[in-house]
Amino acid sequence: MKISTQADFEQVLKWFALALGLCSTIAIVQGWQLAAMLFGLPFCLIWIYCGWLRTERQLKYINIMFSALYIYGIARYFMLDA
Numbered sequence: 023m024k025i026s027t028q029a030d031f032e033q034v035l036k037w038f039a040l041a042l043g044l045c046s047t048i049a050i051v052q053g054w055q056l057a058a059m060l061f062g063l064p065f066c067l068i069w070i071y072c073g074w075l076r077t078e079r080q081l082k083y084i085n086i087m088f089s090a091l092y093i094y095g096i097a098r099y100f101m102l103d104a
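Residue numbers (this note's numbering): 23 to 104.
Fair warning: there could be bad hints in the mix.
To be verified - Computed spacing ranges between beta-carbons, pair by pair: (1) PHE100 with GLN28: 31 to 41 angstroms; (2) LEU35 with ALA57: 16 to 26 angstroms; (3) ASP103 with ILE50: 17 to 27 angstroms; (4) TRP54 with THR27: 28 to 38 angstroms.
Since the hints were derived computationally from the structure, they do not count as laboratory data. Source: prediction; values computed, not measured. Where is the CB? At the ideal position from N, CA and C, for every residue including glycine.
Turn these sequences into a full structure, and let the hints guide you.
Here it is as structure tokens:
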């Protein structure tokens, strides 16, 4: 029986982030604005978490900025459609 470590969990998150990034890219190419933001936000949140683990300050702050922009974009999308 293998005991799961923090590194194993982080690796799973990174693979999930890769899938989210690919989905976001496909959404951008297809012109699906809301889908791109909905895939991009969790992608950034995962990398913020991974940045906290490794103290990668630049990566962490870049993704915090992008997360704020995604939240703004998603909120704006729903406010304009309401």
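Hints versus structure:
1. PHE100 with GLN28: 31 to 41 angstroms: This hint holds: roughly 36 angstroms between Cβ atoms.
2. LEU35 with ALA57: 16 to 26 angstroms: 21 angstroms, holds
3. ASP103 with ILE50: 17 to 27 angstroms: 19 angstroms, holds
4. TRP54 with THR27: 28 to 38 angstroms: 37 angstroms, holds
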